[in-house]
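Q: Given the structure of chain A, go ahead and fit chains B, C, D, E and F onto it with the hints provided.
Number of protein chains: 6
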Amino acid sequence: MGLKFEDVLIESLPYIRDFSESVMVIKIGGNAMMGPEAAANLMDEIVQDIVLLHFVGIKTIVVHGGGPEINEKMEKMGKTPKFIGGLRVTDDDTLEIATMVLVGNINTKMVSLINKYGGKGVGLNGVDANLIQAKKKKSQKVVVDGNEEDVDIGWVGETEIINPKILRMMIENGYIPVISPVAAEKKGHMLNINADTVAGDVAAALGAKKLIMMTDISGVLRDVKDKNSRISKIEVSEIDKMIEDEIITGGMIPKIRGAEVAVRSGVEGVHIINGSTPHSLLLELFTDIGVGTMIYKKEDEKEEE
Amino acid sequence: MGLKFEDVLIESLPYIRDFSESVMVIKIGGNAMMGPEAAANLMDEIVQDIVLLHFVGIKTIVVHGGGPEINEKMEKMGKTPKFIGGLRVTDDDTLEIATMVLVGNINTKMVSLINKYGGKGVGLNGVDANLIQAKKKKSQKVVVDGNEEDVDIGWVGETEIINPKILRMMIENGYIPVISPVAAEKKGHMLNINADTVAGDVAAALGAKKLIMMTDISGVLRDVKDKNSRISKIEVSEIDKMIEDEIITGGMIPKIRGAEVAVRSGVEGVHIINGSTPHSLLLELFTDIGVGTMIYKKEDEKEEE
Amino acid sequence: MGLKFEDVLIESLPYIRDFSESVMVIKIGGNAMMGPEAAANLMDEIVQDIVLLHFVGIKTIVVHGGGPEINEKMEKMGKTPKFIGGLRVTDDDTLEIATMVLVGNINTKMVSLINKYGGKGVGLNGVDANLIQAKKKKSQKVVVDGNEEDVDIGWVGETEIINPKILRMMIENGYIPVISPVAAEKKGHMLNINADTVAGDVAAALGAKKLIMMTDISGVLRDVKDKNSRISKIEVSEIDKMIEDEIITGGMIPKIRGAEVAVRSGVEGVHIINGSTPHSLLLELFTDIGVGTMIYKKEDEKEEE
Amino acid sequence: MGLKFEDVLIESLPYIRDFSESVMVIKIGGNAMMGPEAAANLMDEIVQDIVLLHFVGIKTIVVHGGGPEINEKMEKMGKTPKFIGGLRVTDDDTLEIATMVLVGNINTKMVSLINKYGGKGVGLNGVDANLIQAKKKKSQKVVVDGNEEDVDIGWVGETEIINPKILRMMIENGYIPVISPVAAEKKGHMLNINADTVAGDVAAALGAKKLIMMTDISGVLRDVKDKNSRISKIEVSEIDKMIEDEIITGGMIPKIRGAEVAVRSGVEGVHIINGSTPHSLLLELFTDIGVGTMIYKKEDEKEEE
Amino acid sequence: MGLKFEDVLIESLPYIRDFSESVMVIKIGGNAMMGPEAAANLMDEIVQDIVLLHFVGIKTIVVHGGGPEINEKMEKMGKTPKFIGGLRVTDDDTLEIATMVLVGNINTKMVSLINKYGGKGVGLNGVDANLIQAKKKKSQKVVVDGNEEDVDIGWVGETEIINPKILRMMIENGYIPVISPVAAEKKGHMLNINADTVAGDVAAALGAKKLIMMTDISGVLRDVKDKNSRISKIEVSEIDKMIEDEIITGGMIPKIRGAEVAVRSGVEGVHIINGSTPHSLLLELFTDIGVGTMIYKKEDEKEEE
Amino acid sequence: MGLKFEDVLIESLPYIRDFSESVMVIKIGGNAMMGPEAAANLMDEIVQDIVLLHFVGIKTIVVHGGGPEINEKMEKMGKTPKFIGGLRVTDDDTLEIATMVLVGNINTKMVSLINKYGGKGVGLNGVDANLIQAKKKKSQKVVVDGNEEDVDIGWVGETEIINPKILRMMIENGYIPVISPVAAEKKGHMLNINADTVAGDVAAALGAKKLIMMTDISGVLRDVKDKNSRISKIEVSEIDKMIEDEIITGGMIPKIRGAEVAVRSGVEGVHIINGSTPHSLLLELFTDIGVGTMIYKKEDEKEEE
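Protein chains in written order, with UniProt numbering: chain A, 1 to 305; chain B, 1 to 305; chain C, 1 to 305; chain D, 1 to 305; chain E, 1 to 305; chain F, 1 to 305.
Don't read these hints as lab results, they were simulated from the structure.
Predicted model only: the values in this text are computed from it and were never measured.
Possibly wrong hints are sitting among the right ones.
Identical chains share a label here; the pair holds if one copy fits it or two copies do between them.
[What the hints assert, rightly or not] Under the rule of at most 25 Å between Cα atoms (straight-line distance), these lysine to any residue pairs were calculated in the SDA-like manner:
{"no.": "1", "residue 1": "K120", "residue 2": "P81"}
{"no.": "2", "residue 1": "K186", "residue 2": "D44"}
{"no.": "3", "residue 1": "K187", "residue 2": "E148"}
{"no.": "4", "residue 1": "K186", "residue 2": "D93"}
{"no.": "5", "residue 1": "K79", "residue 2": "D150"}
{"no.": "6", "residue 1": "K120", "residue 2": "R168"}
{"no.": "7", "residue 1": "K225", "residue 2": "V142"}
{"no.": "8", "residue 1": "K76", "residue 2": "D92"}
{"no.": "9", "residue 1": "K116", "residue 2": "E158"}
{"no.": "10", "residue 1": "K116", "residue 2": "D93"}
{"no.": "11", "residue 1": "K120", "residue 2": "K135"}
{"no.": "12", "residue 1": "K120", "residue 2": "E235"}
{"no.": "13", "residue 1": "K136", "residue 2": "D44"}
{"no.": "14", "residue 1": "K209", "residue 2": "G266"}
{"no.": "15", "residue 1": "K186", "residue 2": "E11"}
{"no.": "16", "residue 1": "K73", "residue 2": "D91"}
{"no.": "17", "residue 1": "K209", "residue 2": "P36"}
{"no.": "18", "residue 1": "K116", "residue 2": "E21"}
{"no.": "19", "residue 1": "K120", "residue 2": "L87"}
{"no.": "20", "residue 1": "K120", "residue 2": "Y15"}
{"no.": "21", "residue 1": "K76", "residue 2": "V89"}
{"no.": "22", "residue 1": "K136", "residue 2": "S232"}
{"no.": "23", "residue 1": "K209", "residue 2": "G57"}
{"no.": "24", "residue 1": "K138", "residue 2": "R17"}
{"no.": "25", "residue 1": "K76", "residue 2": "E96"}
{"no.": "26", "residue 1": "K186", "residue 2": "V151"}
{"no.": "27", "residue 1": "K120", "residue 2": "K186"}
{"no.": "28", "residue 1": "K298", "residue 2": "P14"}
{"no.": "29", "residue 1": "K135", "residue 2": "P278"}
{"no.": "30", "residue 1": "K227", "residue 2": "D216"}
Here chain A stands alone, though its shape is the one from the complex (with noise of 0.2 Å):
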């Protein structure tokens, strides 16, 4: 194996040079990676290749989701989730649980392990340093019984104002923050909020390089039945034509868009990588071939606007 080390290793060289001290916002969540049939140590590897990024040279930023860890613990304490167009119906037990899991449970275990690989973690919320300043979200129109009504899903929010500047102050000082989708509202009330849309708020409002999305899909397929089909690049420009000629369907659509924002925001490129994939962070990031697809936008339209 002597040999191909090195090799590797002066492959991955211009990646290196060229994300050097650049700026990526990695999302980590679903079933595949934090659900109760993740694999064992798939959260470690994960974790290991993060802090490798952060090795050689790159201010790495995680926000973690964590539906499956919030429903578990709901249902160990008699409560059904309910969800209403994707969106967890938040009550205030609701409310307590998810942040208990989010902050108390996940982010907690996540900057253990970061500290455990040698890098050094720091576990933050939207609520500290007003990282996020968020809104509760408008009812939600439902079709209930053939007829639409307004219906109210309780504490979720959505950002208002992302204040970048603690996050600034830890990446310059060689910290990993990791970020727990939660929030406060301007009166301080606590509200839920929606994963990958931090995710893509604190990328925009970073100027980073990248956000790498790890979902449980390995990106989008021209053909869903052909796992060969995978479309590597996409230009924000197709998309519309994509969704129209239904290459883009379902829950694959929010994440799209989430990334359109994103890379017209200014971000260069959005990632959807599958994070079952062992080391899917490593290789999308580092081989041309890449695992995922990105999302990007064209140079001359970004200089045209």
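A: Just chains B, C, D, E and F now, with coordinates in the frame of chain A:
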């Protein structure tokens, strides 16, 4: 009241001057402040006082406990809290609940309150940036059926190393760190540790000017039955005699011993005050009379060492 | 008094928070404060208030006058003070005496007082580091025997350029600059300048948040005979009308005009207060009611320009 | 003159190089420079030389005296200057006059002159930023009618503590501090102190490379009657013998003793030069021959200590 | 000589003051300075002058040529130097020799001389930190046997991009950079470039106050035969007419055109002086009369642009 | 290869982590790398590896030799290289050629290569900023016709003082310094010095973590005839015995002795590796097995001193 307004400000001037730029660690905890029977707006008032300290130039660090709330949550989940020698017996479930309550619930709420009153709070726990490295406590000797037995009290830790760098970075940049008393041991397993000890260790590591222990009692009383017999200052060398004479007794002994350690490590004064007395923090710090008991060390003795 | 103590501190918190790190210029002058009939400890109290402002995080700059003391000294030396149009006729001897009194006597005493109360004062005048470059004022029109004549009032100057760099260096390093109103013109000849103007120019050059003019009167009264008719706020656009309506009259006109200039140059508020009212400085800044008159500019008007 | 121009610059290069970035304290005083009989443009020339030192990279601090001008002003006001043992007897009036003359007149003029020649002077006295903390001198033994008596000489002080921080801030930022020899004692009362002593104390506190005493005489002469018998260098260990041998006599003794103290505190060389010799400052510093007497300490002796 | 010594220093004060902290680029080259017939100690004297500039606060950058020495070395190695249109035809061998002579011989000697006189020189060439990125010059039109032909002159380059960051780092840290006129093109091949051009480009990139071209001639003469007809200042708008009128002719034309470019790019003045005149650098910079020709641009014209 | 790619990166993580921010000095030299018979792209590969070290956070300093190229150039110019005791006899011509080849040719090419692969190289030699102050070596004892004679070997020097300040400035600012082994003695005469020694001296002066000697041989072999008998680690105290036992012999002795000096001066490890083995630098640093011999010092022994 007009006239009095300015007198108060002017009276506090020498204290404000003396405390300017100094570091103070404030421990908040206990039933009176955090228990179900605590006065409605008490925590709001305490946080307002803390933010005021910040604005008059004091570098403030908060350490919180959470025993009453952990008990409450455990009972909700059908578990009975169990203590040996004052220490919580901490099995896996208890550890998970304690961590979620401390880090995910109490800490986040406290940070949110600090922000509400104009400070910039940041939640931390011992895992963040390896702030506290702990080790599992040895088994405790317990008398069971008249026999002394060694009982493993589970995931309870004690501080090994404090890495105060992240605290320094935060207070230098105008943030108010809020610390939960959980930490990891070397291999990464989480441990629950005593908040009083954490507060003392942090104060010692930073060379804080003051450590203020906000408790359920108004300092040391010469005669427990006489509320007016409060001793306002105790020199560390007097402690042994006072314990022998049974002036300091029961649960006050470990608090005073902790204070002694902090003072001998360089903290200028440790103040034990009653957190449920309105604005006891300001009264103790900014008036001559004070409302609690201060443990200190004579100057000349310091220089001898 | 115990209970009230903390209420006062807490009431002032929003102001302390709002003023934290902001720059304020305080003009001290007039018979009530500096004349022979001034109350015995008045200057001590004023300086205590100023030092308190410093310790609650306000970057404080003092500008002092000294008319009464110059007159007193001149008379001791057998010279009769002479004024034309409110300006001191300043021949060579008068200039020398004025400079010695302002720089060598009043300024030094004020710095010494600031130090006594725990601040770090530094005396300055317009010559230091070219802080103020002035030019000689033109001759004044005076009516003599019914004829208007041009009279040279001697070594009286007006500000040409402010070089605020040394002030910035000092306030950033925790010093309280105390400025005497003397300056040099281009060729180096000393000039006596009006302290009100110096205060306004310095406030404008630094973009101060507030300029506080401590005078002999309690702001603008709607009815001069009624002490309770004080107008607490005047928007700059109202000034012309108020002069026309003879609400603002006499010696108050130049003060208000000076305030107008400062506010139009970006100072957020100019406060005219009565320096002989005990602690008027604190009452005006830290209570809602205030004790003087504030000149300010409406936000929207600002943005229009 | 063309050819000579560049030779001079080149000849001074090794000195310029050696003095670059070093701190020098220059004491200006005495009848020849400041008295009524001083040459018309002498002070202009001296200040030009000082500004030149600044521009060739020397961090220059000026300390001035003012005896002749204080006497003059006192006489104008009908007071007779009085001295005991070379020290001015300083009652309340004398103190006020001395302070006004030194701080308000001489200092301001000197700063103005420095500015005129392109430097950035800033006037200071012992009170500014607590630069000099002094204490009142004890009574002096005086022989009156053949009996030795203790006489209180009034508000005359001697240095207790130098706080050189403000001087460092100023010279690091390109300013030339000009110091008047007045200070306050602990309780804030002003004191008049000896300018030679202030210069020596400041030089020692800053670890200055050189202290230059510009006086009325051209250093130490081996034979007082022979102007050509000047001694250009005196090693500190020779001083006792030279006083015993009456080579150093009269008013030169305290100057040489002061120089000895400064040199023993770490100042590399103290130069006593005649300020009324045109450009004596430059000639002493930038030529091998020099024009005065330098007191220094042998290297090896330094290392022994 | 005593009296004159200080006069010279004082006369140069306004220049020293004006040039303090400013950046100057000094081009050294030509037969008179570097050729075999150059006066024995000339280079020593020039370097001494440069170090003097450094010590009076000027940030000095040296650019050197080396034509005569390259020719000499080529001839030693049996190669005949060849020029087309004033440019050296540079084949592979010539490039290697030129680079070795410029970077390895002349530059190193010059740095060593700077150190000898107390400066801290650092040798650089266009390759270091990508200081100069060049491109190969196009073929030159040459008349051969009456026909114009395109001739490739080999590895001769012209500046594309200057990266002055390393120069700024060095002059801010007290070093004197010495630049050899070689650079690499994009793919890394070395190129020989014209030293006059490099000097002009560097001066423009740094916004230098002055560019001093030390050449073999004493500036522009109104009448070539009359050494006393030197024109001391030329405003850029006069250049066209002076070339038309044949006052500026021959090899002086490209030098003046280069100066014009530098001045139009923001350099305050370009001075063409005779390097073989002893201390011409000091005489030109520090006396009113000067010894060369300065090209400058009128203020008002500057503002019009 | 996919799977292996990420394994390699992950395997190197602990090394990357451990070396992050540390200083390494890399010596390149010898026939295998720089001689005419060196493999075509070898130097490109070595430089790529060095740039990779830079991008994974190692502060890299290169020292190069150049014996083979100096010999080649001398022979071209008709001079015969001559050695005594392994040292090049260096007359005036040889010194000039050596300097030109090292500084003007090899160094410039190496810097250009570093730039080509994305680093920012800067060429230096001992003269730059007085990096190395050397002194001429004493005559060498040589046996001529059976008699020991003292032979002056000319302009060969040895290090007296290292001034590493400029190296620190460069590595802190992201540059890769490349050092040629020439220096000047006190009076400014150039000297040729041994590159191995320079590398060791620089590593010691900077307290480098590692010094890597890239040579023509693969470290120390227990049995010279058996390539597989390489000794991977030698503790400094074993060296004497290994020389005695003739395990270390011939030209390896001075290399090992140099390594010993570096290690005893605080360098953590000196690695002797074969530069002609592809990517030996990466294999030695980032794999457990390594490819050369490391000289180190036991921890406890270190603390004893």
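Q: A separate judgement is required for each hint: does it hold in the structure or not?
A: Hints, one by one, checked against the model:
1. Taking CA atoms no more than 25 Å apart as the test, K120 paired with P81 passes in neither setting, with 34 Å inside one copy and 34 Å between copies.
2. For the homomeric pair K186 and D44, the shortest alpha-carbon distance between copies (16 Å) is at most 25 Å, but the shortest distance inside one copy (37 Å) is not.
3. Taking identical chains as interchangeable, the C-alpha atoms of K187 and E148 are never at most 25 Å apart, the minima being 31 Å within one chain and 54 Å between chains.
4. Taking CA atoms no more than 25 Å apart as the test, K186 paired with D93 passes inside one copy only; the shortest distance there is 21 Å, against 35 Å between copies.
5. When the C-alpha separation of K79 and D150 is checked against a cutoff of 25 Å, the pair qualifies only within one copy, where the shortest distance is 23 Å, while the shortest distance between copies is 39 Å.
6. For a Cα distance limit of 25 Å, the shortest separation of K120 from R168 qualifies both inside one copy, at 15 Å, and across copies, at 15 Å.
7. Taking the shortest Cα distances, K225 and V142 never come within 25 Å of each other, neither inside one copy (31 Å) nor across copies (64 Å).
8. For the homomeric pair K76 and D92, the shortest alpha-carbon distances inside one copy (17 Å) and between copies (15 Å) are both at most 25 Å.
9. Taking identical chains as interchangeable, the C-alpha atoms of K116 and E158 lie at most 25 Å apart only when they sit on different chains, with a minimum of 19 Å there against 33 Å within one chain.
10. Taking CA atoms no more than 25 Å apart as the test, K116 paired with D93 passes between copies only; the shortest distance there is 22 Å, against 33 Å inside one copy.
11. Taking the shortest Cα distances, K120 and K135 sit within 25 Å of each other only across copies (19 Å), while inside one copy they are farther apart (31 Å).
12. Taking identical chains as interchangeable, the C-alpha atoms of K120 and E235 are never at most 25 Å apart, the minima being 35 Å within one chain and 33 Å between chains.
13. For a Cα distance limit of 25 Å, the shortest separation of K136 from D44 across copies, 23 Å, qualifies, whereas the shortest one inside one copy, 35 Å, does not.
14. For the identical chains of this complex, K209 and G266 are intra-copy neighbours only, at 8 Å inside a copy versus 35 Å across copies, given an alpha-carbon limit of 25 Å.
15. Proximity of K186 and E11 under a CA criterion of 25 Å is satisfied inter-copy only: 21 Å between copies versus 49 Å inside one chain copy.
16. Taking the closest pair of Cα atoms, K73 and D91 come within 25 Å of each other both inside a single copy (15 Å) and across two copies (17 Å).
17. For the homomeric pair K209 and P36, neither the shortest alpha-carbon distance inside one copy (32 Å) nor that between copies (45 Å) is at most 25 Å.
18. Taking CA atoms no more than 25 Å apart as the test, K116 paired with E21 passes in both settings, with 23 Å inside one copy and 19 Å between copies.
19. Taking identical chains as interchangeable, the C-alpha atoms of K120 and L87 are never at most 25 Å apart, the minima being 33 Å within one chain and 30 Å between chains.
20. Both within a single protomer and between protomers do K120 and Y15 lie at most 25 Å apart by alpha-carbon distance, with minima of 23 Å and 17 Å respectively.
21. For the homomeric pair K76 and V89, the shortest alpha-carbon distances inside one copy (18 Å) and between copies (22 Å) are both at most 25 Å.
22. Within a single copy, K136 and S232 get their C-alpha atoms no closer than 36 Å, and across copies no closer than 39 Å, so neither meets the 25 Å cut-off.
23. When the C-alpha separation of K209 and G57 is checked against a cutoff of 25 Å, the pair qualifies both within a copy, at 13 Å, and between copies, at 19 Å.
24. Proximity of K138 to R17 under the C-alpha cut-off of 25 Å is found in neither arrangement, the shortest distances being 45 Å within a copy and 33 Å between copies.
25. Within a single copy, K76 and E96 get their C-alpha atoms as close as 14 Å, and across copies as close as 13 Å, so both meet the 25 Å cut-off.
26. Taking CA atoms no more than 25 Å apart as the test, K186 paired with V151 passes inside one copy only; the shortest distance there is 22 Å, against 48 Å between copies.
27. When the C-alpha separation of K120 and K186 is checked against a cutoff of 25 Å, the pair qualifies only between copies, where the shortest distance is 14 Å, while the shortest distance within a copy is 31 Å.
28. Taking CA atoms no more than 25 Å apart as the test, K298 paired with P14 passes inside one copy only; the shortest distance there is 21 Å, against 38 Å between copies.
29. With identical chains, the CA atoms of K135 and P278 are never at most 25 Å apart, being 37 Å at best within one copy and 33 Å at best between copies.
30. Taking identical chains as interchangeable, the C-alpha atoms of K227 and D216 lie at most 25 Å apart only when both belong to the same chain, with a minimum of 14 Å there against 50 Å between chains.
Comparing the model with each numbered hint stated earlier shows that hints 1, 3, 7, 12, 17, 19, 22, 24 and 29 do not hold.
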